[in-house]
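Enquirer: Read off the chains here:
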Amino acid sequence: MQLTKLTNLHTNKVPNISAALAAATCALLGTLPAQAAGPLEDWKIDTSLMYYGETDRVSAIETVINAEKDFGDEHIFVGKFVVDALTGASATGAVAQSTVQTVSRPSGAGTYQIAAGDTPLDDTFKDTRVQVSGQWTQPWSDNSRLSSGAQISAEHDYFSAGINSSYAYDLFNKNTTLSAGLALSYDIIKPEGGIPLPFGLKSYSAGPGEDDVGDDDAYENDDDDGIDARRADNDNKTTVDLLFGLTQVINRRMLMQFNLGYSMVDGYSTDPYKVLSVVNGLGLTQQLLYENRPDKRAKTFAFWQTKYALNNGVADISYRYASDDWDVNSHTIDSRLRINVGDNSYIQPHLRYYQQSAANFYQPFLIEGQSLPEFATADYRLGEMTAYTIGLKYGTQVNDGDELSFRLEYYQQSPKNAGFAEPGSLQNLDLYPSIKAVIAQVNYRF
Amino acid sequence: MKKTIMKFAVLLLAIQAIGCASLGVEPWERDLLAKDEMALDAEGNDLGLDDHIYFSKEGTSGGRAFAGGGCGCN
Amino acid sequence: MLLCSVVLTTSVAAESVPASLAPNFALNAPSLPATLADLKGKVVYVDFWASWCKPCRKSFPWMNAMQEKFAGELQVIAINLDSEQHLATEFLHKVPASMPIVYDPEGVIAKQYQLLGMPSSYLIDKKGQVRFAHKGFFTERSSQYEQEILALIQESE
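Chains as they are written, first to last, in our numbering: chain D, 460 to 905; chain E, 135 to 208; chain F, 87 to 243.
Pulled out of the complex, with its shape left as it was, chain D reads as follows (with noise of 0.2 Å):
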C-alpha cells in the first residue's frame, strides 16, 4: 500500500515569461505593478489522463485530480480523485495447447474459445474502479509534522478502505529529515461468480467443445457431512505498511533518501479468477483448476533515491530491493533526466529496469498424477520475469504558471522459465510470451 506523502516544502513558481516582461515594463516604467494574485492562488491542481494498453490484452485509460491547498503556515491539505477503467483480456495462468481449448466464464455466463498455441486470455473482466483520498498535513513543534489520511477505492469486484499516519522531524538545520509512518487497509474481494474453493475444478474441453460445458464445478462442496457447503459470496483481507525513512540534504545539489518499509498482509491474497493447467506426460490440459495461495505474506523493502541538481535540469536515480516470505525478490532501477530547454520547457527521457523471482509456490501447470502442493499459482505476475520501461516526458509552461506536459512510454514485461521442466507438446510452444505496454500520458497542472 503506498504510504502518505508528507511535503514540509513550499513549492516556488519557476518565474516564467510574463513575469519577466512585466519586471522589464518595470525598469522601462520606474513603477511598480499592481501585485498580481498569480503566486499566492489558493489551490494547487494537478489533472492527468492516461491510456495504457496492451498488445492484444488489458488496455485501461485512468484519469487522476490531484488538489492541493495551504490553509497558512505549512497546513497543507491534499484531495486526490482518480477514475479507471480496464477493458481486454489478462492471463488466466491456464498453459498454451497445440489445439483449441474452450473454457466456461465465471459464474457460468457462457464460455470462450482459446485457438490453438495461443497463451490462454479471459476477458470478462471490464471494470471501472474510482478512489477518494485525503491528506492533512501540518506541523506539530518546530522541527517536525505530522500527517494523516484516508483513502477509499471501490469497483464491482473489489472494495477497499485505509488509513494513514505519519511524522517526520528535522535535525541539523533541516539538513536531515527522519520519519515514520504506518499504513492500514482493509480490502472485501467479491469475484464474479463468488470464491472458488482452493484447487476446485473449473469447466473445460479441450477442442472446439458444446455450447455448454456445465457449471464450474469449484463453487459446489460434494460433503456429504451435512456442513454447509455454499460458496462464499467474498472474503477479505487486512495490511499493515510500516515505513521509516531518511532524507539527507548531501550539498547544494544533492538530496538522498533512504527508506525501509515492513508489509504484513493477512486475508485472501489468491487471485479468484486464476487457474492452473493440469497436464499429462503428453503435455496435454486435463483439467483446469483454481489456484490457491498463502493467506499471510510478509514483505520487507530498502529504497535509496537521489536527486541532483544540474545547471540545466534534474537527474533522479533510485534502486529499490524487496524480499518476502513469498520468495518473490526484486530490484528496481529506475532513473529519470530532466533537461530543461529553453526558459519554459523541459524534455525528460525515463528508464526503468525491473527484475523479480519467482514466488515459492508457483509453477506454470501442475502435472498429472503429482499430489497436489499446498499452494500454486501459475500466474506469471509471480513468476520469474525481468522488465524494463523507456519513455520521454516534454513539459512546457502555459498561461501564467501552468504547466501541460505529455508522456510516452513503451513497457516491455519478459516472464522467464523458473526452471520447469515442459513435457510432451509444451516444448513447442512459447509458454512464457512477453507482454507489450504502450503508456500514453497528458497532464495540466494550475
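Hints are computed from structural coordinates only; laboratory data are not their basis.
Do not rely on the hints blindly, as some may be mistaken.
[Stated by the list, open to error] In silico DSSO-like links for lysine-lysine, alpha-carbon gap of 27 Å or less:
| # | chain 1 | residue 1 | chain 2 | residue 2 |
| --- | --- | --- | --- | --- |
| 1 | D | Lys895 | E | Lys191 |
| 2 | E | Lys169 | F | Lys197 |
| 3 | F | Lys144 | D | Lys503 |
| 4 | E | Lys191 | D | Lys852 |
| 5 | F | Lys197 | F | Lys155 |
| 6 | E | Lys137 | D | Lys755 |
| 7 | F | Lys213 | F | Lys197 |
| 8 | E | Lys137 | D | Lys875 |
| 9 | D | Lys852 | E | Lys169 |
| 10 | F | Lys213 | F | Lys126 |
| 11 | E | Lys169 | D | Lys696 |
| 12 | E | Lys191 | D | Lys528 |
| 13 | D | Lys585 | E | Lys191 |
| 14 | E | Lys169 | D | Lys503 |
| 15 | F | Lys144 | F | Lys155 |
| 16 | F | Lys144 | F | Lys128 |
| 17 | E | Lys191 | D | Lys755 |
| 18 | F | Lys213 | F | Lys128 |
| 19 | E | Lys191 | D | Lys649 |
| 20 | E | Lys141 | D | Lys755 |
| 21 | F | Lys144 | D | Lys528 |
| 22 | F | Lys144 | E | Lys169 |
| 23 | D | Lys649 | D | Lys875 |
| 24 | D | Lys528 | D | Lys503 |
| 25 | E | Lys191 | D | Lys875 |
[Stated by the list, open to error] Non-contacting residues of chain D with respect to chain E, defined by C-beta distances greater than 12 Å in every case (computed):
| # | residue |
| --- | --- |
| 26 | Asp577 |
| 27 | Tyr645 |
| 28 | Gln764 |
| 29 | Gly801 |
| 30 | Pro832 |
Built from N, CA and C at the ideal position, the CB exists for glycine as well.
Chains E and F: place on chain D using the hints.
Expert: Just chains E and F now, with coordinates in the frame of chain D:
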C-alpha cells in the same frame, strides 16, 4: 542473504543519522533544493500512476516517501 | 565552503535571546546610513529572505505595514540572499517592498548572524542589541511580532 541485506540497511540508516552532522548546507544555500523539480514528490501524479501500473503487473509494490528536502523554510 | 554548524535544533523558536550586540555590516542602500551601527536610536528589524522562500511572500506585506505604521521609530531592512540578483528583482516585482533591500549574495552577513532557517529575522533595540530572533515567518504570529516591535520602541534609549 536477505537478512544480511536488511541488517546492513538498518545499520546504514543508523550510521547516516549519526554521521549526518557533517553533511548539508546552510539555510540560505537551499536555492536549488527549493526548486519544484527537486522536490521528492515532484510529478506526483506520474509517480502515482506508475506505482499503480507496476503494483498491478508485478509482484512488488511501494518504496517511496516524500518527507524532507525542499527549501527548508518555516 | 560549508560551515559545520552542528546545532541540534530541538528548541522551539524561543524568540527572545540573551541581548548581544548585533553584528555590524555595511548598508549599501541609498536611503540608509553607511552601517547598521549608525542606526542606533531606532528599532531595527532585520529580515533575511530569498526569492525561493515561499513564506517570504507572506512576510513582505506584513513588513511593509510595520514600516509604514512605525515610520520614524522603526527601520525594516530586508537582506536578500539570492546568489543571482535578477531572481530577487523578479520576486520584488511580484511582491513589492517598501523597505530598503541589502544584497548579500555570498551569505557573509547571514553567517555573522548564524541563521538557523529561512526566512530569519532579528529585532534590534535602540542600543544596537539583538533582542528577538525568529526562525521562519508565521502569519498567525504577526500580532506577537508586532508586540515585540512596540515593546522595543517604547523603551528609552
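Enquirer: So, for every hint listed, does it hold in this structure?
Expert: To see whether the hints hold, each was checked on the structure:
Taken as a hint, the lysine 895 (chain D) and lysine 191 (chain E) pair is honoured in the structure, with Cα atoms around 12 Å apart against an allowance of 27 Å. The hinted pair formed by lysine 169 (chain E) and lysine 197 (chain F) meets the criterion: a straight-line CA distance of about 23 Å does not exceed 27 Å. A distance of roughly 17 Å separates the Cα atoms of lysine 144 (chain F) and lysine 503 (chain D); the hinted pair therefore holds under the 27 Å criterion. About 22 Å separates the Cα atoms of lysine 191 (chain E) and lysine 852 (chain D), which keeps this hinted pair within 27 Å; it holds.
Pair hint lysine 197 (chain F) plus lysine 155 (chain F) does not hold up; C-alpha atoms about 30 Å apart against a cutoff of 27 Å. For a cut-off of 27 Å, the pair hint linking lysine 137 (chain E) to lysine 755 (chain D) stands: about 19 Å separates their Cα positions. Between the alpha carbons of lysine 213 (chain F) and lysine 197 (chain F) the distance comes to roughly 22 Å, so the proposed pair stays at or under 27 Å and holds. At most 27 Å may separate the alpha-carbon atoms for a hinted pair to count; lysine 137 (chain E) and lysine 875 (chain D) meet this at roughly 26 Å.
At most 27 Å may separate the alpha-carbon atoms for a hinted pair to count; lysine 852 (chain D) and lysine 169 (chain E) meet this at roughly 19 Å. A distance of roughly 6 Å separates the Cα atoms of lysine 213 (chain F) and lysine 126 (chain F); the hinted pair therefore holds under the 27 Å criterion. Under the criterion of a C-alpha separation no larger than 27 Å, the hint pairing lysine 169 (chain E) with lysine 696 (chain D) is inconsistent with the structure, at around 41 Å. Only pairs whose Cα atoms come within 27 Å are accepted, and lysine 191 (chain E) paired with lysine 528 (chain D) is rejected, the gap being roughly 33 Å.
Between the alpha carbons of lysine 585 (chain D) and lysine 191 (chain E) the distance comes to roughly 17 Å, so the proposed pair stays at or under 27 Å and holds. Pair hint lysine 169 (chain E) plus lysine 503 (chain D) holds up; C-alpha atoms about 16 Å apart against a cutoff of 27 Å. Between lysine 144 (chain F) and lysine 155 (chain F) the CA atoms are separated by roughly 17 Å; this keeps the pair inside 27 Å, and the hint holds. Under the criterion of a C-alpha separation no larger than 27 Å, the hint pairing lysine 144 (chain F) with lysine 128 (chain F) is consistent with the structure, at around 25 Å.
Restraint check for lysine 191 (chain E) and lysine 755 (chain D): the C-alpha separation of about 20 Å stays at or below 27 Å, so the hint holds. Of the supplied pair hints, the one linking lysine 213 (chain F) and lysine 128 (chain F) holds, its CA atoms being roughly 8 Å apart against a limit of 27 Å. Between lysine 191 (chain E) and lysine 649 (chain D) the alpha-carbon distance is near 20 Å, which keeps this suggested pair within the 27 Å criterion. Taken as a hint, the lysine 141 (chain E) and lysine 755 (chain D) pair is honoured in the structure, with Cα atoms around 23 Å apart against an allowance of 27 Å.
As the CA atoms of lysine 144 (chain F) and lysine 528 (chain D) are separated by approximately 15 Å, the hinted pair is consistent with the 27 Å bound. At roughly 19 Å between alpha-carbon atoms, lysine 144 (chain F) and lysine 169 (chain E) fall within 27 Å of each other, so this suggested pair holds. Distance hint between lysine 649 (chain D) and lysine 875 (chain D) is unfulfilled; the C-alpha atoms sit about 31 Å from each other, more than 27 Å. Between lysine 528 (chain D) and lysine 503 (chain D) the alpha-carbon distance is near 6 Å, which keeps this suggested pair within the 27 Å criterion.
Restraint check for lysine 191 (chain E) and lysine 875 (chain D): satisfied, since their Cα atoms lie roughly 15 Å apart, inside the 27 Å limit. Under the 12 Å C-beta cut-off, the non-interface status given to aspartate 577 (chain D) relative to chain E holds; the minimum distance is some 20 Å. With 12 Å as the threshold on Cβ separation, the claim that tyrosine 645 (chain D) sits away from chain E holds: the shortest Cβ distance comes to roughly 17 Å. Not every CB of chain E is more than 12 Å from the CB of glutamine 764 (chain D) (nearest about 7 Å), against its label as outside the interface.
Interface exclusion of glycine 801 (chain D) from chain E stands, the closest Cβ pair being 15 Å apart, more than 12 Å. The non-interface label for proline 832 (chain D) is consistent with chain E: the shortest C-beta to C-beta separation is roughly 18 Å, beyond 12 Å.
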